[in-house]
Each structure stands twice: as structure tokens, then as C-alpha cells.
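**Q** Sequence:
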Amino acid sequence: MASFQELAADNPNIRQQYDEWRELRSQNGEDSTDYQAFRQHLIAMGAPDPGEQEIDDFVGDDFKAAHPERYQ
Numbered sequence: 668m669a670s671f672q673e674l675a676a677d678n679p680n681i682r683q684q685y686d687e688w689r690e691l692r693s694q695n696g697e698d699s700t701d702y703q704a705f706r707q708h709l710i711a712m713g714a715p716d717p718g719e720q721e722i723d724d725f726v727g728d729d730f731k732a733a734h735p736e737r738y739q
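Going by the working numbering, the sequence shown opens with residue 668, and the numbers climb by one from there.
Treat the hints with caution; some may be incorrect.
[Said to hold, decoys possible] Capping the alpha-carbon separation at 25 Å, the derived lysine to any residue pairs in SDA-like fashion look like this:
{"id": "1", "residue 1": "K731", "residue 2": "D716"}
{"id": "2", "residue 1": "K731", "residue 2": "M668"}
{"id": "3", "residue 1": "K731", "residue 2": "L691"}
{"id": "4", "residue 1": "K731", "residue 2": "R689"}
{"id": "5", "residue 1": "K731", "residue 2": "Y685"}
[Claimed, not checked] Pair ranges (Cβ atoms, derived):
{"id": "6", "residue 1": "Y738", "residue 2": "Q672", "range": "15 to 23 Å"}
{"id": "7", "residue 1": "E736", "residue 2": "Q707", "range": "32 to 40 Å"}
{"id": "8", "residue 1": "E736", "residue 2": "N680", "range": "30 to 38 Å"}
{"id": "9", "residue 1": "G727", "residue 2": "E687", "range": "24 to 32 Å"}
In case anyone wonders, no lab produced these hints; they're calculated from the structure.
From the three backbone atoms N, C-alpha and C, an ideal C-beta is built for every residue, glycine too.
Using the sequences plus the hints, can you model the full thing?
**A** Spelled out as C-alpha cells, the structure:
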């Protein structure tokens, strides 16, 4: 599972792109923890595909602990 830091080698702006995407999703009442939606956003804007598997630090450990059904 790749991290933002590792993916920054191919896409130095990935963290900023994530922060902006997450803010817009929250403002629009959309799920800002939907990794596949973020992945599709990156692909649509021509950024490198971060891969099918969710980025390791896409959400924090607190969120992962609160959603064991999603993060087993």
C-alpha cells in the first residue's frame, strides 16, 4: 500500500490535489473518504493513477478504527 510521500515521486502535487478535492467534496456534501472517487478525479485531470488500492494514509488511523467494516 503506497503512501502520499511515495506517490509524490510521480506526482509532486498529489497532497495538494487531495486537500483541495477533499475540501470541495465536503463543501458539496459528498463523501470525502471515497478513495475511488479521488482516484477517478486524478485520472480525469491527467495526473498519474495512484493505483486501485487505497493510499495508506488516505484517511487517518482514527477514521480507520471507527470503521472496522471498511478497514479490517
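**Q** Evaluate each hint against the coordinates.
**A** Checked hints:
no., hint, verdict
1, K731 with D716, "holds (23 Å)"
2, K731 with M668, "holds (15 Å)"
3, K731 with L691, "holds (22 Å)"
4, K731 with R689, "holds (17 Å)"
5, K731 with Y685, "holds (18 Å)"
6, Y738 with Q672: 15 to 23 Å, "holds (20 Å)"
7, E736 with Q707: 32 to 40 Å, "violated (23 Å)"
8, E736 with N680: 30 to 38 Å, "holds (32 Å)"
9, G727 with E687: 24 to 32 Å, "violated (18 Å)"
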